[in-house]
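Protein sequence lines, in the order shown, are assigned to chains A and B. Going left to right, the first sequence walks through residues 1 to 116 as the working numbering numbers them. Going left to right, the second sequence walks through residues 117 to 231 as the working numbering numbers them.
It should be emphasised that the hints constitute simulated quantities derived from the structure, not laboratory data. A few of these clues could be false.
[Claimed, not checked] DSS-like, lysine-lysine: derived pairs with alpha carbons at most 27 Å apart:
1) B:LYS194 - A:LYS64
2) A:LYS42 - B:LYS218
3) A:LYS20 - A:LYS55
4) A:LYS42 - B:LYS194
5) A:LYS14 - B:LYS187
6) B:LYS218 - B:LYS185
7) A:LYS64 - A:LYS20
8) B:LYS218 - A:LYS66
9) A:LYS42 - A:LYS64
10) A:LYS14 - B:LYS185
11) A:LYS55 - B:LYS187
12) A:LYS42 - A:LYS66
13) B:LYS218 - B:LYS177
14) A:LYS20 - B:LYS218
15) B:LYS187 - B:LYS174
16) A:LYS64 - A:LYS14
17) B:LYS185 - A:LYS64
18) B:LYS177 - A:LYS42
[Unchecked claim] Here are some chain B residues the structure puts well away from chain A; computed CB gaps all over 12 Å:
19) SER119
20) LEU172
21) ASN191
[Said to hold, decoys possible] The calculated label-pair distances, taken between Cβ atoms and stated as ranges, are:
22) B:GLN198 - A:SER83: 40 to 48 Å
23) B:ILE176 - A:THR80: 32 to 40 Å
24) A:HIS7 - B:GLY169: 20 to 28 Å
25) A:GLY61 - B:LYS187: 27 to 35 Å
26) B:SER168 - A:THR31: 21 to 29 Å
27) B:SER196 - A:HIS7: 34 to 42 Å
28) A:THR17 - B:SER186: 36 to 44 Å
For each residue, glycine too, the CB sits at the ideal point set by N, CA and C.
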Amino acid sequence: GAVVSQHPSRVICKSGTSVKIECRSLDFQATTMFWYRQFPKKSLMLMATSNEGSKATYEQGVEKDKFLINHASLTLSTLTVTSAHPEDSSFYICSADFPLSTDTQYFGPGTRLTVL
Amino acid sequence: AQSVSQHNHHVILSEAASLELGCNYSYGGTVNLFWYVQYPGQHLQLLLKYFSGDPLVKGIKGFEAEFIKSKFSFNLRKPSVQWSDTAEYFCAVKRGTDSWGKFQFGAGTQVVVTP
């Protein structure tokens, strides 16, 4: 199947710093990508929908100035956690819509963020 | 609030036992339903999906799920599990009116199959 990668797989940073997470579709072009956050023993929570060439659409309650999303190309979306705090520590997962199929998504392996 | 609920957070069973994982959703309109699996250290993979038609859908690795509209349920089943089925299983719902690919996930069920 199609492959979506994330980088880095885990990151530890100090409080107040910014962290960038990359999501790449390796063998297909994805007009739309999605960013999720997963808390321990909790569901995946959709944070935002990332559209190539336009602004991301954020879910209710997600701070767009804190979680900056850029979808600069058809194979790359980035999530930047700005001025990270310990409560931002979480598992962040991206997914990409497979072309011509609104219901086929491929997920990345996730990024574990720990903010000290 | 609209939600997707999975009944069990953690299931332990022996090889060859039968598995059934419950999933209920609270949306009233048209829905597309999915089960995803996440093996240890790997990314989420699609097991099966239901859009319309036969409410009993078959997926990969011997899994099947039944959509019961009156019960707002989409339970996952496998008649005989293997050790390699140890994984976390997520039910997901996409509302018919939602924009492309917008899923709501359940909290997941951790399944451990013992030899």
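Now for the hints, and whether the structure bears them out:
| no. | hint | verdict |
| --- | --- | --- |
| 1 | B:LYS194 - A:LYS64 | 41 Å, violated |
| 2 | A:LYS42 - B:LYS218 | 18 Å, holds |
| 3 | A:LYS20 - A:LYS55 | 17 Å, holds |
| 4 | A:LYS42 - B:LYS194 | 24 Å, holds |
| 5 | A:LYS14 - B:LYS187 | 48 Å, violated |
| 6 | B:LYS218 - B:LYS185 | 21 Å, holds |
| 7 | A:LYS64 - A:LYS20 | 14 Å, holds |
| 8 | B:LYS218 - A:LYS66 | 21 Å, holds |
| 9 | A:LYS42 - A:LYS64 | 22 Å, holds |
| 10 | A:LYS14 - B:LYS185 | 49 Å, violated |
| 11 | A:LYS55 - B:LYS187 | 38 Å, violated |
| 12 | A:LYS42 - A:LYS66 | 22 Å, holds |
| 13 | B:LYS218 - B:LYS177 | 26 Å, holds |
| 14 | A:LYS20 - B:LYS218 | 23 Å, holds |
| 15 | B:LYS187 - B:LYS174 | 20 Å, holds |
| 16 | A:LYS64 - A:LYS14 | 21 Å, holds |
| 17 | B:LYS185 - A:LYS64 | 37 Å, violated |
| 18 | B:LYS177 - A:LYS42 | 25 Å, holds |
| 19 | SER119 | 9 Å, violated |
| 20 | LEU172 | 19 Å, holds |
| 21 | ASN191 | 17 Å, holds |
| 22 | B:GLN198 - A:SER83: 40 to 48 Å | 47 Å, holds |
| 23 | B:ILE176 - A:THR80: 32 to 40 Å | 35 Å, holds |
| 24 | A:HIS7 - B:GLY169: 20 to 28 Å | 40 Å, violated |
| 25 | A:GLY61 - B:LYS187: 27 to 35 Å | 30 Å, holds |
| 26 | B:SER168 - A:THR31: 21 to 29 Å | 25 Å, holds |
| 27 | B:SER196 - A:HIS7: 34 to 42 Å | 39 Å, holds |
| 28 | A:THR17 - B:SER186: 36 to 44 Å | 52 Å, violated |
Hints 1, 5, 10, 11, 17, 19, 24 and 28 from the earlier list are contradicted by this structure; the remaining hints agree with it.
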